[in-house]
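Please model the complete structure; the sequences and the hints are all you need to start from.
Order-wise, the sequence lines are chains A and B.
Letter 38 of the first sequence, counting from 1, is numbered 38 in UniProt numbering, and no numbers are missing.
Letter 17 of the second sequence, counting from 1, is numbered 17 in UniProt numbering, and no numbers are missing.
Simulated from the structure, these hints should not be mistaken for lab results.
Hints are supplied without guarantee of correctness; some may be wrong.
[As the list claims (entries may be wrong)] Covered stretches of chain B, as calculated for chain A (at least 3 residues, CB under 8 Å):
#1 11–17
#2 20–34
#3 86–95
#4 144–153
#5 212–219
Everything numeric in this text was worked out from a predicted model, so none of it was measured.
For glycine and all other residues, C-beta sits at the position ideal for the given N, C-alpha and C.
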Amino acid sequence: MPNVRIPTPLRKYTQGREEVTVAGDTVGSVLDGLEQSYPGIKERICDEAGKVRRFVNVFVGEDDIRFLDNLATAVKTSDEISIVPAIAGG
Amino acid sequence: MTGGRFLVLGAGGLGCPALLGLTAAGARELAVVDCDVVDATNLHRQVLYDLGDVGAPKVEAAARRLRERVPQLRVEPISVRLDERTLSSLLAAQPAGTVVLECSDQPDLKFLVHDGCRAHGLPLVIAGVQRWGGQAMAVRHGAGACFRCVFEEAPPAELAPSCAAVGVLGAAAGALGFMMAHLAVALAEGDDVAGTLVALDLRDLRPQQIRPRQRSGCAGCDPSAVPAPQRPLGPACSTSAGPACSR
Numbered sequence: 001m002p003n004v005r006i007p008t009p010l011r012k013y014t015q016g017r018e019e020v021t022v023a024g025d026t027v028g029s030v031l032d033g034l035e036q037s038y039p040g041i042k043e044r045i046c047d048e049a050g051k052v053r054r055f056v057n058v059f060v061g062e063d064d065i066r067f068l069d070n071l072a073t074a075v076k077t078s079d080e081i082s083i084v085p086a087i088a089g090g
Numbered sequence: 001m002t003g004g005r006f007l008v009l010g011a012g013g014l015g016c017p018a019l020l021g022l023t024a025a026g027a028r029e030l031a032v033v034d035c036d037v038v039d040a041t042n043l044h045r046q047v048l049y050d051l052g053d054v055g056a057p058k059v060e061a062a063a064r065r066l067r068e069r070v071p072q073l074r075v076e077p078i079s080v081r082l083d084e085r086t087l088s089s090l091l092a093a094q095p096a097g098t099v100v101l102e103c104s105d106q107p108d109l110k111f112l113v114h115d116g117c118r119a120h121g122l123p124l125v126i127a128g129v130q131r132w133g134g135q136a137m138a139v140r141h142g143a144g145a146c147f148r149c150v151f152e153e154a155p156p157a158e159l160a161p162s163c164a165a166v167g168v169l170g171a172a173a174g175a176l177g178f179m180m181a182h183l184a185v186a187l188a189e190g191d192d193v194a195g196t197l198v199a200l201d202l203r204d205l206r207p208q209q210i211r212p213r214q215r216s217g218c219a220g221c222d223p224s225a226v227p228a229p230q231r232p233l234g235p236a237c238s239t240s241a242g243p244a245c246s247r
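Laid out in structure tokens, this is it:
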């Protein structure tokens, strides 16, 4: 199953886990699986229309999904998905 | 490094280690901007200060400490609250070659600084830190991806938790502040770091380097794109305490 790196601000949903594995063959289905396992996390990543929020970026490996097929981007079991939100503090 | 001028916006958790790193690296001239005073509860990450500085303007305390370390260093303390007007004036007054370090804790301000640096042709390093980690990115407008290529807009206040609410590990601010200094020196020296975003989390000790692509239609760097709308500046990290610089 693809590995998902959870950013610090979202680890309260994953009981502090920095990485989780979630079944899915696209980024969107992985995010749906993430929500099933960790309720509440998806709305921090996607907006009401289901799109990735404008201050969050999702990468498959080193590739920005906006340059691929967005949430329809295919993922393999060996892939690592990184969720990278803009961090505000200073 | 044999000199260089750096404008450091915010003398808090990121600004303090960034200033130390720049000074140690041989910066010739620093300008430090903040409107806040030293608070005892922030000393774990604002490592330029001690209990004797509590209540003093941060920029004055920072300038004093830096001059003690390097007497020949030129340090300009600027106590001003940054908003659209003061920021524009400040950036317009910078000599060519100045590298800007955005160290504030205001999400909207970070983007305003980013866009202002584009307008004035200034390279910058922009960063954020919370809890165990954060991110830093070097930007030279016109050379590679900009911050808005990665993040199209600032998080809204309701989704940007307060630093006071979630905390900031002192070591995380230190690591990212020194990373900012490193990237700023590299920009000043012309090294190929522009467009690189480094994310760091001290909990899993796995730094992550991202070299985002320049995004067509990016409001931060695509001349054909509609400029990003400027929202009124919100409070620092969604605190109710009002605008701040670097708490």
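Hints, one by one, checked against the model:
Requiring three or more residues with a Cβ within less than 8 Å of a Cβ of chain A, the coverage given for the region 11–17 of chain B holds, as 4 such residues are present. Chain A is given as covering the region 20–34 of chain B, and this is violated because 0 residues of the stretch bring a CB closer than 8 Å to a CB of that chain, at least three being needed. Against chain A, the region 86–95 of chain B contributes 0 residues with a C-beta closer than 8 Å to a partner C-beta. That does not satisfy the three-residue criterion, and the hint is violated. Given as covered by chain A, the region 144–153 of chain B passes the check, having 4 residues with a CB less than 8 Å from a CB of that chain where 3 are the minimum.
With 3 residues having a beta carbon nearer than 8 Å to a beta carbon of chain A, the region 212–219 of chain B meets the requirement of three or more and the stated coverage holds.
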